[in-house]
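Here the protein sequences line up with chains A and B, keeping their order.
Using the working numbering, the first residue of the first sequence is number 104, and each one after it goes up by one.
Using the working numbering, the first residue of the second sequence is number -14, and each one after it goes up by one.
A portion of the hints provided could be inaccurate.
[Stated by the list, open to error] Pair ranges (Cβ atoms, derived):
| hint | chain 1 | residue 1 | chain 2 | residue 2 | range |
| --- | --- | --- | --- | --- | --- |
| 1 | A | M345 | B | E57 | 29 to 35 Å |
| 2 | A | A112 | B | E57 | 33 to 39 Å |
| 3 | A | S196 | B | E116 | 23 to 29 Å |
No wet-lab data here; the hints were simulated from the structure.
Keep in mind the model is a prediction, meaning the values are calculated, not measured.
Just so you know, even glycine gets a beta-carbon here, dropped at the ideal spot from N, CA and C.
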Amino acid sequence: MTSRLIQSARVFRQGLRVGWTDFWLFWTWRTWIAAWLLRTVCSAMVWVLLGRMLGNPQTMSYLLIGNAVIAGPSAACWTIAVSCWDRWDGTYSLQVIAPSGIAASNAGRSFVWPLNGIVTSWVVFAILGVGFDLPFPPRALLLTPGLVILICLSSYSYSLFVGGFVGLAPRLRLMINFGSTNVLMALAGVSVPVSFWPRWVGALSQVLPVTHGLQAVRLAFANGSLSEIAACASQEILVGLMWLALSIAAVDRLAAIGRRDGSIDFVG
Amino acid sequence: MGLAKVVQEKASESELTVNDGSADLELLLRTASHGAFVGKPRAQSWSRSRRYAYASLGAARMQVRTTLANVEDLTWVVTEPLLAIVAVAILVHARRPDLASHALSASFLMTIGQMGFWVGSDVLAHERHLETLELSVITPTPLVIVLLARILLISSVGLVGLVEGWLLIRGLFRVPLVIHHPWLLLATLLATMLAATGTSVLMAALFSLAREQRTLQNAVYGPLYLLGGVLVPVQYLPAILQPLSPFVFLSWSAELVRDSFTPADPRQVGLRLAAILGLGAVAFVLALLFIARIVNRLRQRGTLGLS
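Excised from the complex, chain B in its bound form:
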């Protein structure tokens, strides 16, 4: 087959993707994952999974080095837990130290949120800025796998917020914080980390094309923390806002973290954990669709390298 013929066929394939334009799920997934999910034999699928796992490890290792070399990434790990001091001071002053778990959930969720929604959502835009996005896109590993591994690592750093909050509350105020349901706390931390990762991948995809990336980041996290009830349970929100809260994974996480520090047996744990994971999964699937579309468009317009 002559080169011209190959080029022509590739062009017509590409044309099919563009002109179809109907957001066909299978086609978009195929583009997002370079065929990760669709129509391959099982043996190949296994070796591909190993390759992806290897690539994920490489991406995570690269992110560790990037973060260690750039202390800015750790800004929120230092600043957000300080708010636990403010919250516990208010609670102790109001003679309600028994509510200290609210301060702890705020410290944890705001740290993990800021790591994901701010640092994590920067990753794709940063790749464009550094002009390394082309290299990431043309590698055999789907871009989304690399992105997922890097943002998962960034989100996991946010777990430190819980430890810091706990140390600050115990160290400065001597307020007892007894974990009555350690397994529930552990499961909530893991589910929250995964959901924060899924949501941050979506934000990374959405923000990567925007000129006003920082503006969008600013717009997102304030409302998310309010609706997520990270410090104050959702029932204290204005009635008009309350129906929105169940769609924010933080609201489920905050309640479960607080329940972990309450002696009473928590109820509907499985359902609530599933809600966190489900919302994270929905965000991730949306991210897959967006990334496929964005990369497709950038490649077709030849603007991949233009930031």
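Bound conformation, chain A alone:
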């Protein structure tokens, strides 16, 4: 068991090296700022301006915090699309038949995206916070960066699980990637409180990433008690671990479907 874990960790590290190199082949610091960050800031700003249009400073702050946070999971959700990239590189089948399976290598390869999400969310928070005069209480200043890390990691676990299914229909990867982000934007308390939705939708949002972590961020901005913040953060960790366990259980099994029906090398 221990040796298997060590082996998986090694594969994860190698996957991360590939993903990291791949990422910086596509982006440079300049293009990251001029394209990725610009687009993300503009998209978040549209929603903050909706709050301004509604003429309620509380709504504006609510939308600002929600959209600055969701900038991170939006990037982390790219893990869903990344799960299919090996197909185009021709290395997918090798990973599926490797003794260590595809779960660890895929997780490593896509880990650069939650890292990108963390930095993106921090920067968007800073830009929009300063731009729209959002007051940063010391508690928020201290806790938000860590909570954003937590939220991005739980979103990453969720994306690994969804990415496993996308492997069965690679051409739907972008649809499911952006669709997942939009679902989080609608249901996870980013734009409206979870209580706005019917009860069954609210119950669904409890098992989605972001919901509890974002609640913790909002509490930090409202100078909520540390115990309440810690409770929300713990729930976010639990949700993240649940999705991670599900993805570990599912990803290799889903890839095995391709082995059985001989579709590993086909992009249907």
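Given the coordinates of chain A, assemble chain B onto it according to the supplied hints.
This is chain B only, laid out in the frame that chain A set:
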């Protein structure tokens, strides 16, 4: 005339185009359209128009098949209207369901925008990637005609975003969305589709040569939606950005779509529709110039087939 002489004459013609280098409009248009606009008798012009129309239909048919075979092209038709749910949820929660037309305009314009600025702007680069650009360039039909027909079809798929947005808003939130000015809405949809096509042809031309095509695509649409006021009217933008908005056709389209759902009579409709079409036309003329120059350069350097 010997073959050598012909080659020499062609070479000197080509040299003229290169060395002239002063972006002479007539010369560039001639290259872009294989003589579509310049110096031909009227009868020939009519038969050529028919040929181009026939080629356009063929290109559109080919695009239909390509899109149907590649569900990725329809990504944005599925994902963008979902944002209408987010927007209306915010509006209903803030007790302002009367502003639902803002969500609808965002759903429509972002869908048509993504279809054009993402899928449409891929067309030329994709041709290079598949190594079919040489074939497209050497056919008697100007490349730009084929490109226009294909991107027009892609943009028109974006119209579905309006229907989807309307169904989502009405179905999920029961918010009334009454079209008070149906003709205005129809005219705005058509003008927007044409302007999105013109702009996307320009982007296709600009992006086709770039190694960082996806990076450029990423850079473009966020600012365009912000400046275009697709969800929030331009007057709520930071003052420093507001002067840029009139140069983005989406800003005119968004206001007109919203006016279609407002009981008050819209003002200066002709002027505003002309602004949408004018901006689309400017983008298209720029595209003509770029495509002429790009194809010219690729042919002269012998790199047309290298992607």
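Evaluated hints:
Distance hint check: the CB atoms of A/M345 and B/E57 are about 31 Å apart, consistent with the given range 29 to 35 Å. The hinted range of 33 to 39 Å is satisfied by A/A112 and B/E57, whose Cβ atoms lie roughly 34 Å apart. In this structure the hint that A/S196 and B/E116 lie 23 to 29 Å apart at CB holds, the actual value being about 26 Å.
When held up to the earlier numbered hints, the structure conflicts with none and fits them all.
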